[in-house]
Amino acid sequence: MGETKKLNEKIEELDKKVEWFYSDDFKLGEATEKYKTAVELAHEIEGDLKNLKNEIEVLAEDFSK
Amino acid sequence: MKMSPTELIAVINQTMEYAYPVVLIEGEVASFKVNQGKWVFFDLKDEESSVGCFMTLWQLRLPIEDGMKVVVQAVPKLTKWGKFSLTVQAVKPVGEGNLKKSFELLKKKLADEGLFDTSRKRALPEDLTEIGVISSTQAAGYADFVKILNARWGGIKVKVAHTQVQGMDAPDQIIKALRYFNEKNDVQVIAILRGGGSADDLSCFNDEQLAREIARSKIPVITGIGHEVDESLADLVADVRASTPSNVAEMLTRDRVAEGLKVRNTMGRVAQVVLNKIDMQVRGNNDMMTRASRDLRIKIENYLGGVVQKIKILEALNPEKILLQGYAIITGAMKVGSVVKITTFTDEIDAEIKTMKRRE
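Chains as they are written, first to last, in the working numbering: chain A, 1 to 65; chain B, 1 to 360.
Careful: at least some of the hints might be erroneous.
What the hints assert, rightly or not - Where chain A lies over chain B, by a calculated footprint (3+ residues, C-beta under 8 Å): (1) 137–151; (2) 160–173; (3) 258–265; (4) 268–276.
Said to hold, decoys possible - Straight-line C-alpha distance at most 30 Å; calculated DSS-like pairs for lysine-lysine: (5) A:Lys5 x B:Lys147; (6) A:Lys65 x B:Lys107; (7) B:Lys184 x A:Lys5.
None of these hints come from the bench; they were simulated from the model.
Just so it is clear, the structure is predicted and the values come from calculations on it, not from any experiment.
Using N, Cα and C, we set each Cβ at its ideal position, and we do this for glycine too.
Take these sequences, add in the hints, and give me the full structure.
Given below as structure tokens:
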């Protein structure tokens, strides 16, 4: 299902964004903007997590025969 | 009405088939034997009577032995030799003791074949998107599974094979569902679910053929049958055993609440990291300023030290200081007869030079 895949991709993307803050590439001048985009992505992920729905299908096959 | 023995037997069989197409009979097993590795014979008896039973070994889904109380599902039949017999379709031990005995016998047999070996167990795939479920959609255990699954995670396509999960027909239905999922091969894991029940209710999960079908499954199988304390052969042969249907849902999914919390905590930690780095930078700037001011102070002090020294020298050379010490300054032509000016600290004196001579 695409939903879970997309969500996992977003979580991976967030992880990468977060890594930057711990890396040697960190620059205080860029931190505000990078933090802002990371927070936006985090909110998006939280929204996706709430909205994920399962699809349940009861098969038509009769297993008693 | 005149009939041949064959006709009589045929009529009696037709009558019995009409009156008693299938009977369920409970009794004690006696004279149990297996012929040619294919045919099973035993008597089913109570205190007063006994009836012969026949079945194929393939139909014997749980081991039985003499003295064991069982219930058989059978078709009554008169053989061509005029002997009454039950053609058994299914047999199941009755009572907790007999069920346990049968379970232990089969468990040992399957264990000896290596069906429970941990080396056979496969790990469940992560991030499942397709799950096959075998359960009764009417069962409380199934409802628990769906509730927990929906609460924990989403985006999963769940295909449910509705089967009986207790009774004599249950094992065959579950086997068919297992085969269906394996043929379709469009789910990543198969979950066999059944809520709690008595030992008799759960005995269908101790079926030998069901156990073998689970072992044969190309798709990993997880079971959630009964409660933690209930152990079935299906559990033992499955790749993963969960304690309950709810536990199956927990084992198959991540928890969206926990994931959300993780994301929030991560962002909280990042904010702290940024604050710490800002703090460090400010502290670094302060240190730089402190170092610069210290250097500057030293330079100023050095400079001031030099000036004081020079002032001291200059002061030492000040003529007034010399006069103060009692010395005098003589100005004018230094020759006999001339008038010179003598300056002391307090006075100025004009004096005539009377005599002059060089110092020794």
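Claimed coverage, the region 268–276 of chain B by chain A - three or more beta carbons nearer than 8 Å
Contact hint for the region 268–276 of chain B vs chain A: holds, 4 residues under 8 Å.
For a C-alpha distance cap of 30 Å, please report whether lysine 65 of chain A and lysine 107 of chain B respect it.
Satisfied, since the Cα-Cα distance of roughly 29 Å is no more than 30 Å.
Given pair status - lysine 5 of chain A, lysine 184 of chain B, alpha carbons within 30 Å:
holds (23 Å)
Can the region 258–265 of chain B be counted as covered by chain A under the rule of three residues or more with Cβ-Cβ separation shorter than 8 Å?
holds (count 4)
Please check whether the region 160–173 of chain B has three or more residues whose CB lies within less than 8 Å of a CB on chain A.
holds (count 7)
So is the region 137–151 of chain B in contact with chain A by the C-beta rule, three or more residues under 8 Å, or is the coverage claim wrong?
holds (count 4)
Against the 30 Å threshold, does the CA-CA distance of lysine 5 of chain A and lysine 147 of chain B hold or violate the hint?
With a Cα-Cα distance of about 22 Å, the restraint between lysine 5 of chain A and lysine 147 of chain B holds, given a limit of 30 Å.
Violated hints are absent here; each numbered hint is respected by the structure.
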